[in-house]
Amino acid sequence: MRLADTATLKKVLNSNIESSTMKWIEDRLYGIVEEKSAKNLFMTYSLLASKVKASKELIFSNLNNDRLTNYLSLQKANNLQVARIYLLSRVLEENNDYFQSKVANLIQVADSSELETFLKFLILLPNPENYKQAAIEALRTNIATVFDAISADNPYPATYFTDQQWNQMYLKAAFMQQDLSRILDIDKRANAELARIISDYAHERWAASRDVDPYFWRPVGNFLGDNLLNDMERLLRSDRIEENRAGALCCLQSDTAKAEALLMKYPDVKDSVVNGNITWYNLVN
Numbered sequence: 028m029r030l031a032d033t034a035t036l037k038k039v040l041n042s043n044i045e046s047s048t049m050k051w052i053e054d055r056l057y058g059i060v061e062e063k064s065a066k067n068l069f070m071t072y073s074l075l076a077s078k079v080k081a082s083k084e085l086i087f088s089n090l091n092n093d094r095l096t097n098y099l100s101l102q103k104a105n106n107l108q109v110a111r112i113y114l115l116s117r118v119l120e121e122n123n124d125y126f127q128s129k130v131a132n133l134i135q136v137a138d139s140s141e142l143e144t145f146l147k148f149l150i151l152l153p154n155p156e157n158y159k160q161a162a163i164e165a166l167r168t169n170i171a172t173v174f175d176a177i178s179a180d181n182p183y184p185a186t187y188f189t190d191q192q193w194n195q196m197y198l199k200a201a202f203m204q205q206d207l208s209r210i211l212d213i214d215k216r217a218n219a220e221l222a223r224i225i226s227d228y229a230h231e232r233w234a235a236s237r238d239v240d241p242y243f244w245r246p247v248g249n250f251l252g253d254n255l256l257n258d259m260e261r262l263l264r265s266d267r268i269e270e271n272r273a274g275a276l277c278c279l280q281s282d283t284a285k286a287e288a289l290l291m292k293y294p295d296v297k298d299s300v301v302n303g304n305i306t307w308y309n310l311v312n
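Be aware that the sequence shown starts at 28, since it is given in my numbering, and climbs by one per residue.
Some hints here could point you the wrong way.
[Said to hold, decoys possible] Calculated lysine-lysine pairs in the DSSO-like style (CA-CA distance at most 27 angstroms, straight line):
1. Lys83 <-> Lys103
2. Lys159 <-> Lys297
3. Lys83 <-> Lys50
4. Lys103 <-> Lys159
5. Lys63 <-> Lys103
6. Lys80 <-> Lys38
7. Lys83 <-> Lys63
Honestly, the hints are just simulated from the structure, not real lab data.
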């Protein structure tokens, strides 16, 4: 699911940095590839911070790649981030057999800012599945910005994670009180085991008199057995309108007669979700 090749990334850079800076990058790349120099790769990756201004807003001129433009805009990409991903992409395209392990090693010693760039734009690299371990390792962090880099607005997890890994990410995001609506392809990656864990987690929160993010329930709609139906009824009876809406949306997604019958008992919220006035995207508005 690669969104762009290096030629396209180079177009982005050519529209956004000085030609002298671009020449410096190309000269460094030539030396790195010709000499097969991991040392120069690591040094150049770090030196880019002093060569490329990160603050400038990206300009997209004649790119003809809406998917890439949208992704870079969604991630609020800057020149430095694009330059770093371009550097890694180029060396991997030139000699993947040699540089694959070197890129993996680079990430092991990267500072948090460099790691965030790698994780955010991992999907742009050649053969991004080769760096799955780095993405999985990021799930263990307690640094919110690093965790967000892999989990928020990022197609990589939904594309390459197993159910267990994806579930771990989703639950960790909830535990860290991150914005769950920024996780991509929740409906696509929903699974029965995750639905069960969500219910168990919610019961623990309720037992401790703590609220549950209404959006947290989004993956359960296709898995409404008796236990989860009881949870939906609790949501629909709640004094919180956001929970009413979440329960209704889950019941609407289910194809079971029991879920339909439960939703019919709450006509006001039922009408809102059936008519499309309430969706997961305006749940709390």
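Hints, verified against the model:
no. : hint              : result
1   : Lys83 <-> Lys103  : 11 angstroms, holds
2   : Lys159 <-> Lys297 : 41 angstroms, violated
3   : Lys83 <-> Lys50   : 19 angstroms, holds
4   : Lys103 <-> Lys159 : 23 angstroms, holds
5   : Lys63 <-> Lys103  : 32 angstroms, violated
6   : Lys80 <-> Lys38   : 17 angstroms, holds
7   : Lys83 <-> Lys63   : 32 angstroms, violated
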